[in-house]
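Order-wise, the sequence lines are chains A and B. The first sequence lines up with residues 1 to 311 when you count with the working numbering. The second sequence lines up with residues 1 to 303 when you count with the working numbering.
Derived from the structure by calculation, the hints contain no laboratory data. Just to be clear, a hint being listed does not mean it is correct.
What the hints assert, rightly or not - Simulated DEER-style distance windows between Cβ atoms:
1. B:Arg275 - A:Phe277: 43 to 51 Å
2. A:Met294 - B:Thr172: 32 to 40 Å
3. A:Gly200 - B:Pro99: 24 to 32 Å
4. A:Gly33 - B:Pro99: 31 to 39 Å
5. B:Trp3 - A:Ile284: 47 to 55 Å
6. B:Arg98 - A:Leu269: 24 to 32 Å
7. B:Ala122 - A:Arg296: 24 to 32 Å
8. B:Leu285 - A:Ile15: 48 to 56 Å
9. B:Leu285 - A:Arg205: 17 to 25 Å
10. A:Glu272 - B:Arg197: 42 to 50 Å
11. A:Gly200 - B:Arg275: 40 to 48 Å
12. B:Trp166 - A:Met294: 51 to 59 Å
13. A:Gly200 - B:Val159: 52 to 60 Å
14. B:Arg33 - A:Leu12: 44 to 52 Å
Positions of the beta carbon are idealized from the N, C-alpha and C atoms, including for glycine.
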Amino acid sequence: MKRSGARRWLLLALIAAFVVSYLSSYFNRYYLGIVIDCGINIILAVSLNLINGHTGQFSLGHAGFMAVGGYTAASITLALSKQLTSMAAVPALFVFALLVGGLMAALVGLAVGVPSLRLKGDYLAIVTLGFGEIIRVVFQNMESVGAASGLKGIPGYTNLFWAWGLAAVTVFVVASLVNSTYGRGFIAVHDDEVAASAMGINPTRYKVTAFVIGAFFSGVAGGLYAHHKQFLSPTGFDFLKSIDIVVMVILGGMGRTVGVILAAIILTLLPEFLRAFADYRMIIYSLLIIGLMMARPQGLFTFGRKTVAVK
Amino acid sequence: MDWFFQQLINGLALGSIYALIALGYTMVYGVLRFINFAHSDVLMLGAFAAFFLAPAVAHLFPLPSYAGAILVTLLAAGICAALGILIELMAYRPLRNRPKLTVLITAIGVSLFIEYTCQHKAVFKAETRPFPNLLAQHDFRLAGLAVNSNDLVVPIVTVLLLAGLWFVVQKTKIGTAMRAVSFNHQAAALMGVSINRVISFTFGLGSALAAIAGILYALKAPGIEPLMGVQPGLRAFIAAVLGGIGNLPGAALGGLVLGLLETYAGGMPAISNYRDGIAFAILILILLFKPAGLLGKAQVEKV
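Please put together the full structure from these sequences, using the hints given.
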């Protein structure tokens, strides 16, 4: 994809998100909520895809970064929203909160990434899982954000425009990054670390960069999530949430942006369709994971081009 | 000083349970080089098997009694050994030569499958049930410390099992085969070792230990429920890494160290709230500074 083409698509997506969002008062609130969930999950899946798919570093702690972003953004809006004098300042406050949330998550991502990215494969998976759990335990004990009972009364700033607009921005940034000259380094590290470093690529720097950028967008998604649900609880960011995001990436095909977006949408909608079988929902979900790994470990949406081996 | 010894007793009991579970993780890692996430659920199934077997066994040996408790434990261990072998056969064997991450994700899938199936209302339901009293509990004072008889039973059972396991692994033919497979799959196969049989045996042995650990855990826990294995399972995994994954004495040592550290931390008001995070903090520290674990040997990666 040419750069200018990608920019045109981004602009188009932003306009579409804005127009549809403008009309959203006509939509059913229940469906609207699900569509916003889709947007947030696209951000999570695409950002994790940069780490797990493109760079090949298997992380199981994405929900932790989401929690950092969510709690930070929510604390900011909760502290400042009462001092707002006009409604016009709401978007500015929201963007500021999301940005700070994302940056906090990126900072935590840096602190987590530098030590743990020295490890590989299942060790890395377990360490990131561990960090995710530690982050959750910290929030569970933080009285200032409601500890175990959760953070209530977050203003509902997230609408369709923010969710899908930021999803488009995430896709744009990740896709252009990976397709840039610099970004080829991520794929080189994924394909063969030793060969990459022989070509003068510093694998650790690329891994950490992918981790920090992924954490940033995950934090932004957390902020959107907080202002969508208007309630945050530490249990919402447990190991299972990280697994959800990982499954989206695997289902879509590691390193396949379009596939991952489709998978994020499908996996957001699936539980709603399975609502009638609520008791069996998670059983079906776990069987889906096992079946997928046996039949199509490269993902559902990988056709054509030579498939990249899943490490 | 009393406080110190009191926590020591509690910590040893908890650590012994972690050690038993950790052995299963480490044995499977030794022969297959992957983390069997479903191991913690086998532990839960062991406790549930005992729960359902206890009334039947009570006809033969009125419970609580040692004979009855041993029979229940042996039967539950047998059932779980069969389940462990079955899990390997159905979920892991078809993926034997696939990339490690594929197997890891499958293991997570298997774990979720067992947990959610057991939580279903037609199976065990998501409620906590009281565990039957397999052993009569006595509280007595030992040198000024409050001791529960179960706190002594747990470490004793663990020591006996460790000795038995050491004998199996070091002195029997199948144990030698296990060590050979964990050393080098291909060379072992060329020497006439049946890899599949050894792997099945390893899963069976590990699952039986997990079942016994589950019953010991349930004796001390307020009750049993389908997610009871998750937390001790994660701790035991960390214990296995702490001791050096793939290393049997390491797993036992790691379990004890982790159990003691957690108990002491839980007893200090200043950090007791962060007790859940301590195990992970230890895991991260050990992986950063001594990734091979306390007793593991560092391996040089060849290019």
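Structure-based check of each hint:
1. B:Arg275 - A:Phe277: 43 to 51 Å: 37 Å, violated
2. A:Met294 - B:Thr172: 32 to 40 Å: 34 Å, holds
3. A:Gly200 - B:Pro99: 24 to 32 Å: Given range 24 to 32 Å: holds, Cβ gap about 27 Å.
4. A:Gly33 - B:Pro99: 31 to 39 Å: Since the Cβ atoms of glycine 33 of chain A and proline 99 of chain B sit about 38 Å apart, the hinted range of 31 to 39 Å holds.
5. B:Trp3 - A:Ile284: 47 to 55 Å: 50 Å, holds
6. B:Arg98 - A:Leu269: 24 to 32 Å: 29 Å, holds
7. B:Ala122 - A:Arg296: 24 to 32 Å: 30 Å, holds
8. B:Leu285 - A:Ile15: 48 to 56 Å: 50 Å, holds
9. B:Leu285 - A:Arg205: 17 to 25 Å: 24 Å, holds
10. A:Glu272 - B:Arg197: 42 to 50 Å: 46 Å, holds
11. A:Gly200 - B:Arg275: 40 to 48 Å: 46 Å Cβ-Cβ, so the 40 to 48 Å window holds.
12. B:Trp166 - A:Met294: 51 to 59 Å: 36 Å, violated
13. A:Gly200 - B:Val159: 52 to 60 Å: 56 Å, holds
14. B:Arg33 - A:Leu12: 44 to 52 Å: For arginine 33 of chain B and leucine 12 of chain A the Cβ distance comes to about 48 Å; the hint holds.
Checked against the numbered hints listed earlier, the structure breaks hints 1, 12; every other hint is satisfied.
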